[in-house]
Amino acid sequence: MQIKGTLMLLGAAFFWGTTFVAQLEGMDGLGPLSYAAARYLTGFLSLLAILIYTRKSRAKERRQKNYQRGFLIGLLIGVVLFVASSMQQIALQYSTAGKAAFITCLYIVFVPLGAKFLGKIIRQENWIGAGLAIVGLYLLAIGEGFSIQLGDAILFVSAFIWTAQILLVDRFANKVDLIELSTAQVFIVMIFSFVVMFALETPSLSAMLSAWFAIFYGGVMSAGVAFTLQLYGQRYAEPATAAILMSFEAIFGALAGWFFLNEVMTSREIFGCVLMLLGMLATQWTLIKSS
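In our numbering, the protein residues as written are 1 to 291.
Hints should not be assumed to be uniformly reliable.
Said to hold, decoys possible - Cut-off 30 angstroms, straight-line C-alpha distance, at most; resulting in silico cross-link-like pairs (DSSO-like, lysine-lysine):
#1 Lys65 <-> Lys175
#2 Lys175 <-> Lys60
#3 Lys65 <-> Lys116
#4 Lys116 <-> Lys56
#5 Lys120 <-> Lys56
#6 Lys4 <-> Lys60
#7 Lys175 <-> Lys4
#8 Lys120 <-> Lys4
#9 Lys120 <-> Lys175
#10 Lys65 <-> Lys4
#11 Lys116 <-> Lys60
#12 Lys175 <-> Lys56
#13 Lys116 <-> Lys4
Stated by the list, open to error - Now the in silico label distances, taken between C-beta atoms and shown as ranges:
#14 Leu75 <-> Trp212: 22 to 30 angstroms
#15 Pro203 <-> Lys120: 36 to 44 angstroms
#16 Leu255 <-> Ile50: 26 to 34 angstroms
#17 Gln68 <-> Ala199: 32 to 40 angstroms
These are computed hints drawn from the structure, not numbers from a lab.
Quick reminder that beta carbons are idealized off the backbone N, C-alpha and C, glycines included.
Put together the whole structure using the sequences plus the hints.
Here it is in structure tokens:
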């Protein structure tokens, strides 16, 4: 089951990472909040279709495994998710994408600390893996001349909010209907994104139509598929391991930039990817040794 959770979380990281390219393309003619609103609308509609299509099989699963309905907790986690993603978006106005990736992914360290505080047992290999991953992420995302700006401070606070989202998912993943939870959290982010969009931006329907593929990919594959994979993946993986696996979005983002945007990866960045991979393997050491 742990292998299943690993693959699901890596799948989520893949879609989050490759969505970076879609976000760059989609926001070419759109404000960030307009893109987010359209993206989460698309994600919600895709999840709504799945919710309706699987309603009978999920009802049977709830009876067999005594799962609770997931809508209410999904709304709560959606509020946390909206705050975290909005803080990240605001901070990007004052920071760089590289520093944003690094500071946000400090949840690699915060999640095991939070899990330990909540009574979870954190194995030694989780701490070793987190250390390797955070160094690797620094090499991958941060260039020379690192300095702290206003945006960096906002990102640092947002890392705690992302940590809360991961720990909340860990708390409820084994207890509720995850399709309902995923649909509800994306719904609440969509609603709040539209409210803030109309308050702060002037949305353009023509610009949204022009960016339809970037919106579709960011909505369906990232907001819809990836967050659902996160929920199911965390049902089978420990929170500390999950944090490291999900941080691989930085690697997938770098590879997507190289493949689609002809960005060049330096030897420093490649070494950072290797350290992150070693960090992931370290967290799986107990499983690898026993197989």
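Against the structure, the hints come out as follows:
1. Lys65 <-> Lys175: holds (9 angstroms)
2. Lys175 <-> Lys60: holds (15 angstroms)
3. Lys65 <-> Lys116: holds (27 angstroms)
4. Lys116 <-> Lys56: Measuring from Cα to Cα gives roughly 38 angstroms; hence the hint is violated.
5. Lys120 <-> Lys56: Violated, at roughly 34 angstroms.
6. Lys4 <-> Lys60: OK: Lys4 and Lys60 at ~22 angstroms, within 30 angstroms.
7. Lys175 <-> Lys4: Holds, because 18 angstroms separates the two Cα atoms, which is no more than 30 angstroms.
8. Lys120 <-> Lys4: OK: Lys120 and Lys4 at ~21 angstroms, within 30 angstroms.
9. Lys120 <-> Lys175: Satisfied, since the Cα-Cα distance of roughly 17 angstroms is no more than 30 angstroms.
10. Lys65 <-> Lys4: holds (19 angstroms)
11. Lys116 <-> Lys60: Judged against 30 angstroms, a Cα distance of about 35 angstroms means the pair is violated.
12. Lys175 <-> Lys56: holds (18 angstroms)
13. Lys116 <-> Lys4: The given pair, whose Cα atoms are some 24 angstroms apart, holds under the 30 angstroms limit.
14. Leu75 <-> Trp212: 22 to 30 angstroms: holds (28 angstroms)
15. Pro203 <-> Lys120: 36 to 44 angstroms: For Lys120 against Pro203, whose Cβ atoms are near 43 angstroms apart, the range 36 to 44 angstroms holds.
16. Leu255 <-> Ile50: 26 to 34 angstroms: holds (28 angstroms)
17. Gln68 <-> Ala199: 32 to 40 angstroms: holds (35 angstroms)
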